[in-house]
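Quick mapping for you: the protein sequence lines, in order, are chains A and B. Residues 1 to 337, numbered by the working numbering, are exactly what the first sequence covers, in order. Residues 1 to 144, numbered by the working numbering, are exactly what the second sequence covers, in order.
It is worth saying that the hints were derived from the structure and are not from the lab. Among the clues, some could well be false.
What the hints assert, rightly or not - A short list of chain B residues far from chain A (calculated; beta carbon distances all over 12 angstroms): (1) Ser25; (2) Trp63; (3) Glu93; (4) Leu95; (5) Gly110; (6) Arg126; (7) Ala139; (8) Glu140; (9) Glu141.
As the list claims (entries may be wrong) - Have a look at the derived ranges for each label pair, beta carbon to beta carbon: (10) Gly58(B) - Phe40(A): 57 to 67 angstroms; (11) Glu113(B) - Arg125(A): 53 to 63 angstroms; (12) Val116(B) - Phe120(A): 51 to 61 angstroms; (13) Ala38(B) - Arg316(A): 28 to 38 angstroms; (14) Ile81(B) - Leu11(A): 36 to 46 angstroms; (15) Arg124(A) - Glu27(B): 47 to 57 angstroms; (16) Arg126(A) - Ala78(B): 35 to 45 angstroms; (17) Asn60(B) - Ala304(A): 36 to 46 angstroms; (18) Arg125(A) - Val116(B): 30 to 40 angstroms; (19) Glu27(B) - Arg10(A): 48 to 58 angstroms; (20) Glu18(B) - Ala304(A): 15 to 25 angstroms; (21) Ala38(B) - Asp82(A): 24 to 34 angstroms; (22) Lys103(B) - Arg316(A): 37 to 47 angstroms.
Don't be surprised by glycine CBs; every beta carbon is placed ideally from N, CA and C.
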Amino acid sequence: MLSLAAYLHRLDPFLLELGGGFGIRWYGLSYLAGFVLAYFLIRRVTRVGISTLVPEQVADMVVAGAIGIFLGGRLGYALFYDRELFYTFSSSPPWWNLLAIHRGGMASHGGILGFIVAMFVFARRRGHSWGHLMDLGAFACPIGLGFGRVANFINGELYGRPCAPDFPLAVLFPRELVERSDADLQMLAPLLPPVPPSRQTGLEDQILRAIQEGNAQVIEAVTPLLTPRHPSQLYEALLEGLVVFLVLALIWTRPRRPLVVGGSFLAVYGVMRILAEFFREPDEGIALVMGLSRGQWLSIPLVAAGLVIALLAARRKVAPMGGWLKGQETSAAGAKR
Amino acid sequence: MKVLAIAVRPVKEGPMREVDRVELSPESGVAGDHGHSARRGVTFLSAKQWETVTRELGVNLPWHTRRANVLLEADTLAPLIGRTIRIGRVCVEILGETDPCAKMDRQYAGLREALVRECRGGVYGRVLVGGEIGVGDVAEEVWT
């Protein structure tokens, strides 16, 4: 008989752990996969569409964009959330806390700003249209964003709102214990296996590790404490990743004026984010306002700005660019070659 | 802006040859053209301004007397400097004004003087993305 019991999340964030918090994480691989896929998507546009970039320049653009995203994401995080990172150091590598990205801390809005600045510089130095580069970036990034959401799921973070225990997709996220539960975690300490001094971490990490390693006693003890939840990260991967990409791909079957695709990305992403957040647990300590989360409220101006940008861009008397479908090189005057 | 005519310079100071279509590339500029550099891959001339020049001189000279590659249906090309245009799949970054040299006076006395102001000599640019262009194609400005 098919069991409808919620799945207990036991996925390991590391593909390969080297110790001390270092190793190859799925989250890092999602960035890498996103950049590789972006490279192939942009290359496709430069090969069959209209672009100021030749295919041989695509790698340069992706590397410039990646540097912008990393620098912007990290500096943005430090600037907006944790300024101590700028002037605090530790006794272990990489010593300067600003560089300790393995402990987390990237701000998505910082990453977006970093990408915009990087593309502005790249466009100016190489004679490209900045708006066209923005379109290429917008077209190429949703799948990477989707990979990032899958990595969020693997990490067991940013989980969904509670759902019925017999909901077929219900998941028990152990991280809930350390983030939201009032349960006394000390009661679990006797159940934990001894940890060598070199791998000593906090109690919370040891509990999560024991669950990932399949410790039956710990799993039995924590399961009743966990709430069945929506795997909202996977819904977000589909909505903010796949659906946004498909809509943009539909828009860009033929060349469009620069920023039409970029503006459409903001609008469609915003709508998908609003939908997906109905299933995502709101950030702790931030109350819903009129039933909407902070992420949903912030997405409303994003949708409005995206629509305005796309509509204004579509009215500009400049050459349509891009397109990924072969044989659709249409000029603004309507002449098809 | 429509492409009204295309010409290549097979040899230095030799006669221009008009063609209907031509291949442009970042490496070689205009195919069949004898001289080019990375920055000066192709040259453009405004039909309206050429008309003004010949009217002022009171003589009927073919447009390629100026030894430019592409004649565009445009009042002036000066606003394009610093911008990128695309013709079909071909993208060209317009880098500057083509200064008329003393050779122009050898073509017709006083021609150089008539070309030096208001960007009448046309503009040059580097080919960012190559491909074929043809007479009748539309040149459009790319938003930069």
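| Range hint compliance [Cβ, Arg126(A) to Ala78(B), 35 to 45 angstroms] | violated (23 angstroms)
| field | Verdict for Ile81(B), Leu11(A) (Cβ pair) under range 36 to 46 angstroms | value | violated (57 angstroms)
| Is 24 to 34 angstroms right for how far apart the beta carbons of Ala38(B) and Asp82(A) are? | violated (47 angstroms)
| message | Quick check on a hinted range of 48 to 58 angstroms for Glu27(B) and Arg10(A), using CB atoms only. | response | holds (56 angstroms)
| task | With 47 to 57 angstroms as the target window, see if Arg124(A) and Glu27(B) comply at their CB atoms. | result | At 23 angstroms between Cβs, range violated.
| CB of Gly58(B) to CB of Phe40(A), is that within 57 to 67 angstroms? | For Phe40(A) against Gly58(B), whose Cβ atoms are near 60 angstroms apart, the range 57 to 67 angstroms holds.
| request: Could you tell me whether the CB distance from Arg125(A) to Val116(B) stays inside 30 to 40 angstroms? | output: holds (31 angstroms)
| request: Mind checking the hinted window 53 to 63 angstroms against the Cβ distance between Glu113(B) and Arg125(A)? | output: Given a distance of about 37 angstroms, which is not inside 53 to 63 angstroms, the answer is violated.
| field | Whether the CB-CB distance between Glu18(B) and Ala304(A) falls inside 15 to 25 angstroms | value | The hint (15 to 25 angstroms, Cβ to Cβ) is violated, given that Glu18(B) and Ala304(A) are roughly 53 angstroms apart.
| field | Outcome of range test on Cβ distance (Ala38(B), Arg316(A); 28 to 38 angstroms) | value | holds (30 angstroms)
| message | If we take the beta carbon of Leu95(B), is the closest beta carbon in chain A still more than 12 angstroms away? | response | violated (8 angstroms)
| task | Given the hint of 37 to 47 angstroms, check if Lys103(B) and Arg316(A) actually sit that far apart at their C-beta atoms. | result | holds (40 angstroms)
Hint compliance for this structure: hints 1, 3, 4, 6, 7, 8, 9, 11, 12, 14, 15, 16, 17, 20, 21 are not met, and every other hint is.
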